[in-house]
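We have chain F; now place chain V onto it with these hints.
Protein chains: 2
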Amino acid sequence: MTIHAQLPVDVLNARIAKIQSLLANTQAQAMLVSTNVNLYYTSGRVFSGYAYIPVQGQPQYFVRRPVGLTGDNVHYIGKPEQIADILTQLGVELPANLGLELDLVAASMADRLSRAFATATISNCSTVLRAARAVKEEYELDLLRQSGIKHAESYSHIKSLYHEGMSDLTLQIEIERISRLNGCLGQFRISGDSMEIFMGNTICGDNADNPAPYDFAMGGAGLNPTLPVGCDGTEIKPGMAIMVDVNGNYTGYMTDMTRVFSCGQLSELAVKAHECSRRIVAELAQMGRPGVEAKTLYERAVAIAQEEGLDAYFMGHKQKAGFVGHGVGIEINELPVLAPRSRDILAVGNSIAVEPKFVIPGVGAVGVENTYIVTENGMVSITNAPEEIISLDN
Amino acid sequence: MTIHAQLPVDVLNARIAKIQSLLANTQAQAMLVSTNVNLYYTSGRVFSGYAYIPVQGQPQYFVRRPVGLTGDNVHYIGKPEQIADILTQLGVELPANLGLELDLVAASMADRLSRAFATATISNCSTVLRAARAVKEEYELDLLRQSGIKHAESYSHIKSLYHEGMSDLTLQIEIERISRLNGCLGQFRISGDSMEIFMGNTICGDNADNPAPYDFAMGGAGLNPTLPVGCDGTEIKPGMAIMVDVNGNYTGYMTDMTRVFSCGQLSELAVKAHECSRRIVAELAQMGRPGVEAKTLYERAVAIAQEEGLDAYFMGHKQKAGFVGHGVGIEINELPVLAPRSRDILAVGNSIAVEPKFVIPGVGAVGVENTYIVTENGMVSITNAPEEIISLDN
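Line by line, the protein sequences are chains F and V.
Mapped onto the working numbering, the consecutive letters of the first sequence carry residue numbers 17 to 410.
Mapped onto the working numbering, the consecutive letters of the second sequence carry residue numbers 17 to 410.
Extracted from the complex, chain F is given alone in its bound form:
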């Protein structure tokens, strides 16, 4: 069982070279990666252990579990204190400054790792990995496109899953099942302090106006104070908008996609806001070209909502989200971020979920979300499915 699993060696080599060129701009001479998501990124599979990436030369993989991994530069260890010795035996010069993922690794573990490289000072290499991951390789774009196709397929079944008397929860459970049967891996990864994510959220009626603790575009009260987000058991009734934001992870690369369903007739205001969301994603897709500042897309979205007199409902009503889009990949929230204080500049190969949403009191949440890939000619959607509000009941 090779450590690189399905990842082609030339793809891995190019990726390591990209990371090394970013690492060369920091004070670190090497970095030690220890989180699952970045071990996958730097090796091709999740394992328990560490990836040591010097600014020049080959990466070395230090594995605790599972047993039986093979491949160049794989070393089994019991504890991280063995790493420096093994590197020395290999003739690798230990770094004067070592990069650690300080935005991700627990403080006590970071302290332990820094002591395991006793002579090194420590710097934060989280930014290097975030920057590398923001620009997807063709190999990654293929996996994203495959996920987007499957994601849209799963959504195509939603109308047929509905029956009268369902709640947001029972509908969501059937969407979870159809997604899983269609290949969704079930588990998602999310970055950031206190962020947690399940398979996604189905929110209907005024539950959309219940604020959540998470930095998501939409909230919902949830079913329990331990997990206060998403569906709350509201029965689906005429006049309600049902927003389905169930995520797609069909390849390890995640797509984000939202569609809105209706029961009975929605208010004119809700329909208008939904059309405004469609206008925003269309305009932003045109604007989203390499070299463009990410924040200008956010500003344009806000301006359109204001122009249409909908700003009171834009990105939430009682509580507002501070962004209109975010990168997606091996985590559901990557760079670039489309937000007012974002310093990100769009580049070819960014994959970005754009989600201009509105909460209309008495109706629910409306708006669309697609995942796009940035090309020279603008952003191309990879979650292709009808954007209109779809009636569940006729």
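Among these hints, one or two may not hold up.
Copies of the same chain look alike in the list, so a pair counts if it fits in one copy or across any two.
[Claimed, not checked] In silico DMTMM-like links for lysine to aspartate or glutamate, alpha-carbon gap of 20 Å or less: (1) 175 <-> 119; (2) 166 <-> 284; (3) 288 <-> 222; (4) 336 <-> 231.
Everything labelled a hint here was simulated from the structure, so no lab data went into it.
Since the structure is predicted, the reported quantities are computational estimates derived from the model, not experimental observations.
Below, chain V alone, put in the same frame as chain F:
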């Protein structure tokens, strides 16, 4: 919307007093809690923000999101740098030493929080919270028992979900659905570097012998190198054992339970190993009393497996897990741990999942897992369901 949600105030007050008495044994005069799981524990609901718990006096809650939380000692903030000023305005003396959850909080965030209390030295209060949480209050035991009842109910449907031609994956998807319809909240929490968990694992045949990176009792190859654990799509065929270890989170408090199903006839060795597992849980339940060292339960389990000539298969075959049980509660892995180097001493109110399992090559994984509560008279199971191997196909 009160911050304490459903948590009765007297339960919260007693819990804070328990935490404070443990905190008094450390060098810290206060601790600042910032992870979702411990915010829930110290307030009664998950929010984005911080709980400040002094060694004496009332806790103070600093909330970023959601909007609209009410209750005594709730303060809205934009950033943690405001906390010290607000405490000073309240007349609270700032601590000379501040406890942070250094085993959980990212290094850069811990650094930021320590700078926000510029005059304080920092210590690690992770242990205080782990110790407090290991001993459940009656309120918590009720939630655990409710979860166990629902968990067993969900398992009672499994045989009826099976049809010929199913894979481990398609069976698992139906178990996920029936669990959700029966009230499972879907999302689970797990502690520890690099630990990740979905709803659970269904493992059949020789997939049980595929080692995983996670520190779980059982492995499985999984469906993708980004998530290398659990079912791998193996078709269920005669002679195979199907181990279902799908977790229970019906109340925010999690129960852990495993049962084994068969297709066709299992080998004598597999049946013998399953009966040995039943013997181990029965003996350990008798042994598990207050004051007993947790490691002695592990040692006894190993001794029984050796006595029956089954040690080659115990807790894995190609890769072995280094424990036979673990605490459960608001995370799936709490204290005490039944492992050779555990220093934990059992106490009334511990809730412990005991999972002596065997991997039999050519057959699969066998054994049972129950969640127990430690009482003066031994451990009492709260996941009550038949322990025999259940035939799926007749």
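Results for each hint:
no.: 1; hint: 175 <-> 119; in the structure: neither (41 Å within a copy, 45 Å between copies)
no.: 2; hint: 166 <-> 284; in the structure: neither (32 Å within a copy, 43 Å between copies)
no.: 3; hint: 288 <-> 222; in the structure: within (18 Å within a copy, 56 Å between copies)
no.: 4; hint: 336 <-> 231; in the structure: within (10 Å within a copy, 39 Å between copies)
In this structure, the hints that do not hold are numbers 1 and 2, in rising order.
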